[in-house]
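Enquirer: Sequence:
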Amino acid sequence: MKSPRALSILAIAILCSCSNGGNTKMTEVANGVWKLTCGRPEAFNLTSGLGITPKADAINAMPECSGLPFDMNDLKLEVFDGKTYIRFPLEEDEKIFGLGLNFHSVERRGSIMRLHVDHYGGSDNGRTHAPVPFFVSSRGYGAFINSARYIDVWAGTGVRKDSKHPAKVIDRNTDPDWTAQPYSDNLEFLIPAEGVEIMLFAADNMLDVVRKFNLWNGGGVLPPRWGLGFWHRVPTLYSDQQVYDEVAEFQEKEFPLTVIGLEPGWQSMAYPCTYMWDEGRFPNPGEFVARLDSMGIKTNHWMNPGISPDSIEPYTGTHTEWCGIVPDYTMAQARDIVGRFLWDNEGSIGVSGFKMDENDGIDSWLYTDVARFPSGHAAEQIRQAYGSMMQKTLTDLYRSRNTRPYGLVRAANAGTVSYPFVIYNDYYDHRGFITALINSSFIGTLWTPEVRSSDSAEEWLRRMQTVCFSPLAMLNAWSDGTKPWSFQEVNDEVKACAELRMELIPYLYTAFADYTFYGTPPVRAMNLEEGYACEDGFEKGVLDSTENPYQMAIRQEAMDQFMVGNDILVAPFFEGDRERRVVLPRGRWYDFWTGELAGDSEVITVTDNTGKGNIPVYVRDGGIIPMFPAVSVLDGTPLPVTIRHYGEKSSSYHLYDDDGSTFDYEKGDYTRIEINVEVAADGSKTGKVTIPEGRKLYSISGIEFGF
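Numbering (our numbering), first residue to last: 54 to 760.
Hint data in this document are derived by calculation from the structure and do not stem from the laboratory.
Possibly wrong hints are sitting among the right ones.
Said to hold, decoys possible - Think about it this way: if two alpha-carbon atoms lie no more than 20 Å apart in a straight line, the pair counts; the simulated SDA-like pairs of lysine to any residue are: (1) Lys548 - Gly664; (2) Lys720 - Gly747; (3) Lys702 - Gly640.
Build out the structure end to end from the sequences listed, making use of the hints.
Expert: This is the structure in structure tokens:
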């Protein structure tokens, strides 16, 4: 329970020259969460149109926060020349994470960025699919700049003459240590508006900071259970019969399949879109969707913002996208019209969700910043929030029918953590995809390293292995018709990793429940893992860094390994790799495949001389992994769960179960099953399952222990 002091309203003055006469106030709104306003914040921001309900009770149940880790006098705010200037202090060893979905780096210190929703163009310069203006510091706090403007960021690059920690002056003529980027002790933002709202979050570790950010924005999404299976998107102009033939091939090969994705050709016209079925390719849409559903296969439909011109006037902007009009989704009227149309033509017959393409832009595609919209919001603001508002439209549509969807999107921003969409894009770099997967965990978004094509069997396998440990496991064959078995040399290995994806659904579903209830990202960066970031400000002195390769390793950027759920560490191989280094966090870790000890607080080297071996996966000491059998479909039939336990440590786990398809869990209709494993001195293990009295099992027919 929070103390009366912590729940009191604080109104304190921050050093701020508000030339427009606006006030600066700071209010504690939950345990370790403050709302700070400066000047005159704009009424429309990234979250104002989303109808978010913060999960303040969950935040207040977290450990009591001791406050922000810096002197508030060092936080500088100023409104000048119609713009808001923000400056946070930076300590010498402080690390900064977040600030958007980036593909080439994890740490942000030293970056100069303009946070701008856009198709990712290959540079971590702020123009990306989810330029969320939230950062988390290794000192144990984070800040969300809640503005729907293009925000400029200088993350430890600006060197001020009034610095408390001035850079050392070095003569370039005589000193080889001279650098073009002297030391900077500040993190600066420039917002082109006469005021801004800032949310501050503080905790004892970075993961709890991220959890508070997620919970304040409504808590993470809980996908329908089928959404965590294996997806396959068919080529653009497939007909219903071609889809049936494709499904039959999956069934013949007993390859997992839970979702079929239809691309633009399902519509009577695309670019611009009609959102209407093509009667030639799909003469009976209701029968088509029902037939697939009877097989345990859901359908997901492609769409983009440009709509056929007779659909939604007058709630559209002045500029088009590929000759299609662009709805102003910030207006309830536009959302209602599009929502009703999509439900009447797709949702009502069972279409499970949508893939929302091209709402990120490329300026020449979406619309220009000189466009005008009937809501009166600037095109810049619409651009920053467009993907979010499209997500809201579809989420509200299904929520009103008490049905959970799951789908894909090309644009997101702050406040969409609870929306059932996973980001994807057309940038196709495997290593970059894994770095993006890691970065998504800092900013309240989900990302999938989908598989499309490959130049070799080895690359095909490596991509398949990594996608099966992501928030959405998908082969996207829209352009070239690839199939999971397109490379026969690795067919068995690909099928095995897809089957593993199905086996892990109880574990993944529980991880997503923790995302929903506690804000914990289901896939997350190593820097958020306890026992990994020992020198990031929380556990200084635990390890001696003198000539210690382990200490050196954890101080480097972790861009190619990540955590899935609480206990699984994944360290992918990439094409051409024959060995790789894996940094194991503090404690003992065990090989997922063999159960053998892999290492204890150390850097290990993993080899694969064939290019066809298993993806390196490790489980912490005491890790409990609940697993389904390797089924190929999820048709609603309850399945047995086998409990794996790794290592020598006694432990417990709270397996989550609900109906897998509705929002009834929000009313308490779910079950947390307590799993306990006791390890005796002789190494023998005893398991116990406890189902709370009065609770039922939904997807589980029984639980047994695999030891």
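Enquirer: Each of the hints needs a verdict: does it hold here or not?
Expert: Verification of the supplied hints:
1. Between lysine 548 and glycine 664 the CA atoms are separated by roughly 16 Å; this keeps the pair inside 20 Å, and the hint holds.
2. A hinted pair counts as satisfied when its Cα atoms are at most 20 Å apart, and lysine 720 with glycine 747 qualifies at roughly 15 Å.
3. Proximity of lysine 702 to glycine 640 is assessed by CA-CA distance (about 11 Å); at most 20 Å being required, the pair is judged to hold.
Taken one by one, the earlier hints all hold for this structure without exception.
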